[in-house]
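Given chain A, work out where chains B and C should sit, using these hints.
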Amino acid sequence: MDTKVVLDTLWVLLAGMLVFFMNLGFAMVESGFARAKNCVNIISKNFIVFAVATLAFLVVGWGLMYGDGNSILGFKGLFFLGGADNSPATGDAYKGVYSAMSWTGVPLMAKFFFQLVFAGTAATIVSGAVAERIKYVSFIVFSFILVGFVYPIIGHWIWGGGWLAQLGFWDFAGSTVVHSVGAWAALAGVLVLGPRIGKYTKDGKVRPIPGHNMTSAMIGCFVLWLGWFGFNPGSTMAADPMAISRIVVTTNVAAAMGALVATAVAWKLLGKPDLGMTINGALAGLVGVTASCAYVSVGSSLIIGGIAGAIVVFGVLLLDKMKLDDPVGALAVHGMGGIFGTLAVGLFAQEKFMPGTTGNGLFFGGGTGLLLNQIIGVAAVGGTVFVVSLGAWLAIKATLGVRVTEEEEIEGLDIGEHGNRAYPDFVLTETIA
Amino acid sequence: MDTKVVLDTLWVLLAGMLVFFMNLGFAMVESGFARAKNCVNIISKNFIVFAVATLAFLVVGWGLMYGDGNSILGFKGLFFLGGADNSPATGDAYKGVYSAMSWTGVPLMAKFFFQLVFAGTAATIVSGAVAERIKYVSFIVFSFILVGFVYPIIGHWIWGGGWLAQLGFWDFAGSTVVHSVGAWAALAGVLVLGPRIGKYTKDGKVRPIPGHNMTSAMIGCFVLWLGWFGFNPGSTMAADPMAISRIVVTTNVAAAMGALVATAVAWKLLGKPDLGMTINGALAGLVGVTASCAYVSVGSSLIIGGIAGAIVVFGVLLLDKMKLDDPVGALAVHGMGGIFGTLAVGLFAQEKFMPGTTGNGLFFGGGTGLLLNQIIGVAAVGGTVFVVSLGAWLAIKATLGVRVTEEEEIEGLDIGEHGNRAYPDFVLTETIA
Amino acid sequence: MDTKVVLDTLWVLLAGMLVFFMNLGFAMVESGFARAKNCVNIISKNFIVFAVATLAFLVVGWGLMYGDGNSILGFKGLFFLGGADNSPATGDAYKGVYSAMSWTGVPLMAKFFFQLVFAGTAATIVSGAVAERIKYVSFIVFSFILVGFVYPIIGHWIWGGGWLAQLGFWDFAGSTVVHSVGAWAALAGVLVLGPRIGKYTKDGKVRPIPGHNMTSAMIGCFVLWLGWFGFNPGSTMAADPMAISRIVVTTNVAAAMGALVATAVAWKLLGKPDLGMTINGALAGLVGVTASCAYVSVGSSLIIGGIAGAIVVFGVLLLDKMKLDDPVGALAVHGMGGIFGTLAVGLFAQEKFMPGTTGNGLFFGGGTGLLLNQIIGVAAVGGTVFVVSLGAWLAIKATLGVRVTEEEEIEGLDIGEHGNRAYPDFVLTETIA
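Residue numbers (our numbering), protein chains in the order written: chain A, 81 to 513; chain B, 81 to 513; chain C, 81 to 513.
Hints listed in this document are in silico derivations from the structure and should not be mistaken for laboratory results. Accuracy of the hints is not assured; some may be wrong.
[Stated by the list, open to error] Derived contacts from chain A toward chain C, CB cut-off under 7 Å, selection only:
(1) Ala116
(2) Met294
(3) Leu306
(4) Met322
(5) Val328
(6) Leu355
(7) Phe506
(8) Thr509
(9) Thr511
Every residue, glycine too, gets a C-beta built ideally from N, C-alpha and C.
Isolated chain A, as found in the complex:
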């Protein structure tokens, strides 16, 4: 076997494993930021969602995303990876129905695994925003729809050779494809569900509902940061030493700056350096640099990460003012962070890093063309995902229902949905509502 194929395959698989591990990261951040009485439910959601994603993406998602088709969706080799494919196509030209993935020299199964773990990420983002009140079965159904249909169609537009790719919209590792998609789907869910009982009082105040386990949240944040070293540099899908080394550094620098700036802003605004803001700042820095990590300098990544870190603090406070109840800050981190990150390509990209791709962004003499494409992509994806997701959530509401009963919500979803308690040997305090 060609040495380059071996190298690329090792890299893609190992990076994919790191991205898989992000499922633990999300489970820990989300459950840590929520209450003990809902912990089993949240981690169950974050766990089963990857199993659901595996099935959905295998059955139909992969084909919709990477099957040859038109500029909207793929339809060749649609089900169960069932199309022709001669990957890795060393020496020979590519012959198969997944042409949009023919550029990477790894076996089809490696392509599938790496794309699957990305698809799973989009779904797990939703979990946090809808936590502490959603019915388990309804979340499972929505996740199947998201990973089987919504995510792959959007993905086809951008990474599958669809209309946004043709337009010149660039999203290296998925600030839009993964993070914004997850956040828009979550926003629709948040609107359909409404806020948790007790979150907003009748006189218009916001009551903070502290997370039950900062140790969990911290585990989650470190695991996510680690996982991002697969997410961003792995998106090369090739073991290109210069590219992956630079992307590791831009990713790391953005995360660090996100954490530092969010901490400083929270310290200034709230009087103390709230740990939740520090964590979400790091994550926002990571989301923020995801689209541009391969196209920007280390200095630019420092600025991008810092801005994202500031955005998330204001974003969390703003969303609470708008009474959009997101227990873990996912809308701010992945939504606002994802939008900013996508636009940052239009501002900070430099032709020299990946010749023949983005060209220069606004701040590097490239004019507004690229930025405009990015804006179009953000709007088109956001509008589509939000509307489709809203429809899906409403359909689920009309059939299965989406929200647990008031009694169950007060008692905690762990008993109501699972018959489990997360910490039966510990004496718990009474928590809000």
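Same frame as chain A, but now just chains B and C:
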């Protein structure tokens, strides 16, 4: 150095590191499923066992397993990796006393490390089943015996060129070699120890003893799933792109299906989707596909994982009916899952995936020959390990004792065995007996 | 791109990711060994410190350490990796200002990332020793000084071509460069801060203050052990199969022996096998073999790890007698372990493993020359880091202050410093003062 050697070594070492990390996974699943008062003891067992395994496998285990010898055991280069070896044997023929490992082109130290982490896994499986009542010192002694002698001799039969290998018994990554061996050794321990106080009431009822920390259990499950990406594809011991990519996918699909089916079955049987069953379902899917991961299609792995997920739910309930008290479900996951997984090779294997190995299984036109070999292997290994382990446990009982006092069991083994408490700053509830 | 460059880059980046993950390990060990009321503060410190380290090492640390300069510090390409560099310099000779790193064939960004995660480790070691009483802002400032200036200057002496490198002092992966530097800086902090309230009673007794979460500590220990598989074998900075395979094994064996011996010694001395001692024993084994892992046999690593495991138990008890209050045992693990590990090179090194480096140590016929160099290095680094750190701590004390108020210390730093509680849903016990 030959590029292939470098590639294979990187892969084997990285995969070995992932398998090493499974020790954390087992520690978290097992302690999470047990009570807070025994947490220090359980995680201590799961930690020290790998240190013990390192010593035992270095001193004598490796030599018994991979040293040249007869069809029962190895005896050349028996102690401290002390035999001749010219690995990696590039260009030249292999010259040394570890011929059964000469097929993989990596240095001896890499072979040893990868095999060591497997040996450690077998021992850590025992830990969960005997938890909450075993004496620390007795567990340490048994672990040394298991990893130093029992595991490597069985391993010699199958992976060391012994009689089962010669017969045509196939176990790619260890459904039998690792998981069943651990489970049979555990079963003997469970019988010698007897159930925990209060588990089975005098009127024949089974009292559930819920685990103290579902967050821990979930961390453990994700870490194990991640580790299995080293366990299964790493067992190629070569960076073969097509094989490892496919094995990553069959492994992942089986885990996902195990989780989904176990959740569904538990939902149906118990009324609610118990998280413990979901976790054990995923693990059973992983154990179930371990023997066959390299020999089966993705579609077959989907079925194998699903069946394993169903088996584990019925298995856990059945074992409780038989009054075999296994606090974490290890007997169902690793024992039943391991047996089924080994037999699944005889059912689902396809010659085309690894030409020159298994041939076709029953469902793919290969007849019953392979299945029969698998049955022989399951029975021979099960019988041998059970009998030898029973003898070892009884010998330990007669000398050191195996079970803590009733007072200590009620108070918790953390104080009694270690003088520690796991969570001294938290107010705990009274737990069962 | 040259295949060797690709292989080396993959290895260095993946190893660096493992070392990055050690930040989680430190966060969990340190917070687990401390009280619940200070948990948010400790994990915040362990998290923000890596963000601070990223900034400090990018801005100036890297240049001081690896920039061309004199035998004391580097001064070319000092800021923001701003010097000339043609890495990877395949075919051509190296042309740039970071000559001390020219021996490794990876891109500059990969070199930077790997060295950054090492720098971060030194800083995070300090965190544990000063825990439960230090002001958050003061720790952040000290960390910037340590990673921006102190660590890189010491690093320049040893790894940057400075005077200790010229003398013939050898520290393969940083028993001195990383671990001792962290410990000496921590010791100065411990002296300036004084012990925690209630730790030492007026009649001279030592009151044990048990850690709040042994599950956390265990997670941390496993994650650190895993991370060390990047730390030690990764320090080859090249995918050399024989070297990295052997280093993986020496590292693993030393960790195992450290755990076993510390457990046995604690069992003998304290009557029971205290889990904290087992954990610190494993870590001491790892620290102890860090300097010599590439230069010694597996048998030697077994002895080195065992001795380190014994040292740490006596060390923890001794430091308490000296009223040096280190909540997590960092001074014993990283300080005593680091010193012993550095000297072990002078005792156990064998020329044959890395020809042209250390030569033979005292036990292998090399005389006392190497050992003497090691002693000089230990003393010079210890004296310098201690004095400079003491100055830095005193300067911070005089300006920002270093210690929280007595009221805040008693209430817990989580509320005082961050406005958070780690576990708001749990009922906590009253803890010591």
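Do the hints match the structure? See the list:
1. Ala116: 4 Å, holds
2. Met294: 4 Å, holds
3. Leu306: With Cβ-Cβ at 5 Å, under 7 Å, it holds.
4. Met322: Given a least distance of 5 Å, the restraint on Met322/A holds.
5. Val328: 5 Å, holds
6. Leu355: 5 Å, holds
7. Phe506: Nearest chain C Cβ about 6 Å off; hint holds.
8. Thr509: With a minimum Cβ separation of about 6 Å from chain C (threshold 7 Å), the hint on Thr509/A holds.
9. Thr511: Since chain C brings a Cβ to about 6 Å from Thr511/A, closer than 7 Å, the hint holds.
In this structure, none of the earlier numbered hints is contradicted; all agree with it.
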